[in-house]
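Q: Residue numbers for the sequence shown follow the working numbering, beginning at 934 and rising by one.
Fair warning: there could be bad hints in the mix.
What the hints assert, rightly or not - Within a straight-line C-alpha distance of at most 30 Å, the following computed DSBU-like cross-link-like pairs (lysine-lysine) qualify: (1) K944 to K955; (2) K955 to K977; (3) K977 to K944.
What the hints assert, rightly or not - Just the calculated beta-carbon pair ranges, DEER-fashion: (4) I947 to E980: 10 to 20 Å; (5) R981 to G1003: 10 to 20 Å; (6) G1003 to A966: 25 to 35 Å; (7) R993 to R963: 29 to 39 Å.
Honestly, the hints are just simulated from the structure, not real lab data. We treat Cβ as the ideally placed atom computed from N, Cα and C, and that holds for glycine.
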Amino acid sequence: MAGWGDDPTLKELIEAVGDGWKPVELREDREAADGPHDVVTVEKDGERREYRSDHLHFHRYVEGLMEDYGLEYS
């Protein structure tokens, strides 16, 4: 898992959630060539986007989404 530095993917995800995109699925991709990644799927107006990162801050944010939206890893 990557360290604590800046994670542009996390920034994009936070902005998307702030703009009304709702997290609808969380999963862990353990098959990635560069190690496990958290993957968050968000939805708004029938459109879906996926954000993925192996960053520690991203993982902590995903844990918060799990609590806030009642989600579990699928």
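Q: Against this structure, judge whether each hint is valid.
A: Hints and how they fare:
1. For the given pair, K944 sits about 15 Å from K955 by alpha-carbon distance, which is consistent with the 30 Å threshold.
2. For the hint linking K955 to K977, the alpha-carbon distance of about 6 Å falls within 30 Å, and the restraint holds.
3. A hinted pair counts as satisfied when its Cα atoms are at most 30 Å apart, and K977 with K944 qualifies at roughly 18 Å.
4. The supplied range of 10 to 20 Å is met by I947 and E980, whose beta-carbon atoms lie about 18 Å from each other.
5. Between R981 and G1003, the C-beta spacing of about 19 Å keeps the proposed range 10 to 20 Å intact.
6. For G1003 paired with A966, a C-beta distance near 32 Å keeps the hint of 25 to 35 Å intact.
7. About 19 Å separates the C-beta atoms of R993 and R963, a value inconsistent with the hinted range of 29 to 39 Å.
When each numbered hint is compared with the structure, a violation occurs for hint 7 only.
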